[in-house]
Amino acid sequence: KAGVTQTPRYLIKTRGQQVTLSCSPISGHRSVSWYQQTPGQGLQFLFEYFSETQRNKGNFPGRFSGRQFSNSRSEMNVSTLELGDSALYLCASSLNTGGQETQYFGPGTRLLVL
Amino acid sequence: SQQGEEDPQALSIQEGENATMNCSYKTSINNLQWYRQNSGRGLVHLILIRSNEREKHSGRLRVTLDTSKKSSSLLITASRAADTASYFCATEAYNTDKLIFGTGTRLQVFP
Numbered sequence: 001k002a003g004v005t006q007t008p009r010y011l012i013k014t015r016g017q018q019v020t021l022s023c024s025p026i027s028g029h030r031s032v033s034w035y036q037q038t039p040g041q042g043l044q045f046l047f048e049y050f051s052e053t054q055r056n057k058g059n060f061p062g063r064f065s066g067r068q069f070s071n072s073r074s075e076m077n078v079s080t081l082e083l084g085d086s087a088l089y090l091c092a093s094s095l096n097t098g099g100q101e102t103q104y105f106g107p108g109t110r111l112l113v114l
Numbered sequence: 001s002q003q004g005e006e007d008p009q010a011l012s013i014q015e016g017e018n019a020t021m022n023c024s025y026k027t028s029i030n031n032l033q034w035y036r037q038n039s040g041r042g043l044v045h046l047i048l049i050r051s052n053e054r055e056k057h058s059g060r061l062r063v064t065l066d067t068s069k070k071s072s073s074l075l076i077t078a079s080r081a082a083d084t085a086s087y088f089c090a091t092e093a094y095n096t097d098k099l100i101f102g103t104g105t106r107l108q109v110f111p
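Residue numbers (our numbering), protein chains in the order written: chain P, 1 to 114; chain X, 1 to 111.
Everything labelled a hint here was simulated from the structure, so no lab data went into it. Every clue listed holds true.
Straight-line distance between alpha carbons at most 35 Å, and here's what the computed DSBU-like set of lysine-lysine pairs gives:
#	chain 1	residue 1	chain 2	residue 2
1	P	K57	X	K70
2	P	K57	X	K56
3	X	K98	X	K56
Ranges between beta-carbon positions, derived for each pair:
#	chain 1	residue 1	chain 2	residue 2	range
4	P	E82	X	G40	18 to 24 Å
5	P	S51	X	Q14	46 to 52 Å
6	X	A81	P	G40	27 to 33 Å
7	P	N77	X	G16	46 to 52 Å
8	X	L75	P	T53	36 to 42 Å
9	X	S24	P	G3	29 to 35 Å
10	P	E82	X	E15	41 to 47 Å
11	P	L83	X	A78	39 to 45 Å
12	P	R73	X	N18	39 to 45 Å
13	P	S51	X	N52	25 to 31 Å
14	X	L75	P	N96	26 to 32 Å
15	P	T38	X	K26	20 to 26 Å
Remember, it's a predicted structure, so these values are computed and weren't measured experimentally. For every residue, glycine included, the Cβ atom is placed at its ideal position computed from N, Cα and C.
Here chain P stands alone, though its shape is the one from the complex:
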């Protein structure tokens, strides 16, 4: 089975712009979670989608949003980018929802906001 894929792998944007990141889960996995990783804050949970519905949400402002499609692929959008949004964005898929499941991570999208 192919692993979790994320596109693009690298991205440079300027403040005020918006960005959309994409994640394709492992075939058959219905849950997709997104994380932000920065040197200062570590790995922070953004949100989780399961069967096209947002199941859980972390403590991020409304500028961070996401969605999941019927094929379980997920997109994450960040509007009005700020310098502090520079980070590695990781998505992870699992068979079902819930933290009891092993998470399979993609390679991440490295976003740089200038």
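Chain X: place on chain P using the hints.
Structure of chain X alone, referenced to chain P:
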């Protein structure tokens, strides 16, 4: 704040030595997982230990869980240079579905 705090933040050892990393968490949990991350890439799941388990082994990995102290340890025996990575514990707090990651331990194994 994050659920898990890891100690030490960084660890340097020689090949063949054992490496021990500790994780402390704050609330009751359903399970605790350990993940490895190689230099800013995706995380790889290593092992999951449930709240009713005290010890688990997988190859050169040994994980212990002490729910009374809200702590876990990961032992890597006979370390190799390829074990160089950051190691994170992650917990699913009781009655939530969210997986919360700790701060990580950066392990450097010198050949």
